[in-house]
Amino acid sequence: MERADMLAYCLAKPGAWLDRPWEGDEVVKVGSRIFAFLGDGAGEPTVGVKCGPTREVADEWLHRHPDDARVMAYIGRSGWNTLRLTGGIDADELTEAVDSSYDMVVAKLPKRERPTA
122 MERADMLAYC LAKPGAWLDR PWEGDEVVKV GSRIFAFLGD GAGEPTVGVK CGPTREVADE
182 WLHRHPDDAR VMAYIGRSGW NTLRLTGGID ADELTEAVDS SYDMVVAKLP KRERPTA
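When you read off a place in the sequence shown, starting at 1, and then add 121, the result is the number in this note's numbering.
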């Protein structure tokens, strides 16, 4: 999957918007919270997503895709992984990971920040 396709997929989610909170890094948020990290576009294309409510659940990705999934720096202990877009993880599985991350983040948003559509 191309980075541009992943970005477009993320931005098509209800209430999603692009933010650049750090120089050179792009993230996609819903309400005030990030559900996908896309980095700066340089180097290997990846997406950082919440892969489970706990590190143990998120570790399933590491076991299934040892060459294409890794624990995300700084927030990995909370169930976030970085997934390679051009590796062995198929596009359907990548979009399902984004969907799941989005759903987990929306569920934790205050009601006033949740998308209506």
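To be clear, the hints were calculated from the coordinates, so they are not data collected in a lab.
Given the structure is predicted, the values throughout are model-derived calculations rather than measurements.
Even glycine gets a Cβ: it sits at the ideal position worked out from N, Cα and C.
Where hints are given, some of them may not hold.
[What the hints assert, rightly or not] DEER-style ranges, computed between Cβ atoms: (1) 141 to 184: 32 to 42 Å; (2) 141 to 194: 27 to 37 Å; (3) 220 to 125: 17 to 27 Å; (4) 208 to 237: 32 to 42 Å; (5) 214 to 177: 12 to 22 Å; (6) 163 to 233: 33 to 43 Å; (7) 196 to 162: 14 to 24 Å; (8) 162 to 212: 15 to 25 Å; (9) 139 to 224: 14 to 24 Å.
[What the hints assert, rightly or not] Restricting the straight-line Cα-Cα distance to at most 25 Å, the calculated cross-link-like pairs of lysine to aspartate or glutamate (DMTMM-like) are: (10) 150 to 180; (11) 150 to 234; (12) 229 to 165; (13) 150 to 224; (14) 150 to 161; (15) 232 to 180; (16) 229 to 217; (17) 150 to 213; (18) 229 to 123; (19) 232 to 214; (20) 232 to 189; (21) 229 to 180; (22) 232 to 165; (23) 232 to 217; (24) 229 to 214; (25) 232 to 211; (26) 232 to 123; (27) 232 to 213; (28) 150 to 220; (29) 232 to 177; (30) 232 to 140; (31) 232 to 220; (32) 150 to 140; (33) 232 to 181; (34) 232 to 161.
Hint by hint, here is what the structure shows:
At about 33 Å, the beta-carbon gap between residue 141 and residue 184 stays in the expected band of 32 to 42 Å. Judged by the Cβ atoms, the range 27 to 37 Å given for residue 141 and residue 194 is violated: they are separated by roughly 18 Å. About 19 Å separates the C-beta atoms of residue 220 and residue 125, a value consistent with the hinted range of 17 to 27 Å. Distance hint check: the CB atoms of residue 208 and residue 237 are about 36 Å apart, consistent with the given range 32 to 42 Å.
Restraint check, residue 214 to residue 177: a C-beta distance of roughly 20 Å satisfies the suggested window 12 to 22 Å. At roughly 36 Å, the beta carbons of residue 163 and residue 233 sit within the given window of 33 to 43 Å. Residue 196 and residue 162 have their C-beta atoms about 20 Å apart, which keeps the hinted 14 to 24 Å range intact. Checking the proposed 15 to 25 Å range against residue 162 and residue 212 shows it holds: the Cβ atoms sit about 19 Å from each other.
A beta carbon spacing of about 19 Å between residue 139 and residue 224 agrees with the range 14 to 24 Å that was offered as a hint. Under the criterion of a C-alpha separation no larger than 25 Å, the hint pairing residue 150 with residue 180 is consistent with the structure, at around 23 Å. Between the alpha carbons of residue 150 and residue 234 the distance comes to roughly 11 Å, so the proposed pair stays at or under 25 Å and holds. Simply put, residue 229 and residue 165 have alpha-carbon atoms about 30 Å apart, too far for the 25 Å limit, and the pair is violated.
Under the criterion of a C-alpha separation no larger than 25 Å, the hint pairing residue 150 with residue 224 is consistent with the structure, at around 12 Å. For the hint pairing residue 150 with residue 161, the CA-to-CA distance comes to about 16 Å; that is within 25 Å, so the pair holds. Distance restraint check for residue 232 and residue 180: the Cα-Cα separation of roughly 30 Å exceeds the 25 Å cut-off, and the hinted pair is therefore not satisfied. A threshold of 25 Å between alpha carbons decides the hint, and for residue 229 with residue 217 the separation of about 19 Å falls inside it, so the pair holds.
At roughly 21 Å between alpha-carbon atoms, residue 150 and residue 213 fall within 25 Å of each other, so this suggested pair holds. Only pairs whose Cα atoms come within 25 Å are accepted, and residue 229 paired with residue 123 is rejected, the gap being roughly 29 Å. Pair hint residue 232 plus residue 214 does not hold up; C-alpha atoms about 29 Å apart against a cutoff of 25 Å. Between residue 232 and residue 189, the direct Cα distance comes to roughly 35 Å. Violation of the 25 Å bound is thereby established for this hinted pair.
Among the hinted pairs, residue 229 with residue 180 is consistent with the structure: their alpha-carbon atoms are about 21 Å apart, no more than 25 Å. In summary, the hint linking residue 232 to residue 165 is not supported, as the alpha carbons are separated by about 36 Å, beyond the 25 Å threshold. Taking the CA atoms of residue 232 and residue 217, the gap is near 24 Å; set against the 25 Å cutoff, the hint holds. Distance restraint check for residue 229 and residue 214: the Cα-Cα separation of roughly 23 Å lies within the 25 Å cut-off, and the hinted pair is therefore satisfied.
Proximity of residue 232 to residue 211 is assessed by CA-CA distance (about 33 Å); at most 25 Å being required, the pair is judged violated. This hinted pair does not check out: residue 232 and residue 123 have alpha carbons roughly 33 Å apart, beyond 25 Å. Restraint check for residue 232 and residue 213: the C-alpha separation of about 29 Å exceeds 25 Å, so the hint is violated. For the hint pairing residue 150 with residue 220, the CA-to-CA distance comes to about 13 Å; that is within 25 Å, so the pair holds.
Annotation: proposed proximity of residue 232 to residue 177 is violated, straight-line Cα distance about 28 Å (limit 25 Å). With a C-alpha separation of about 21 Å, the suggested pairing of residue 232 with residue 140 holds against the 25 Å cut-off. Only pairs whose Cα atoms come within 25 Å are accepted, and residue 232 paired with residue 220 is accepted, the gap being roughly 19 Å. A threshold of 25 Å between alpha carbons decides the hint, and for residue 150 with residue 140 the separation of about 7 Å falls inside it, so the pair holds.
A distance of roughly 30 Å separates the Cα atoms of residue 232 and residue 181; the hinted pair therefore is violated under the 25 Å criterion. Under the criterion of a C-alpha separation no larger than 25 Å, the hint pairing residue 232 with residue 161 is inconsistent with the structure, at around 31 Å.
Against the hints set out earlier in the document, violations occur for numbers 2, 12, 15, 18, 19, 20, 22, 25, 26, 27, 29, 33, 34.
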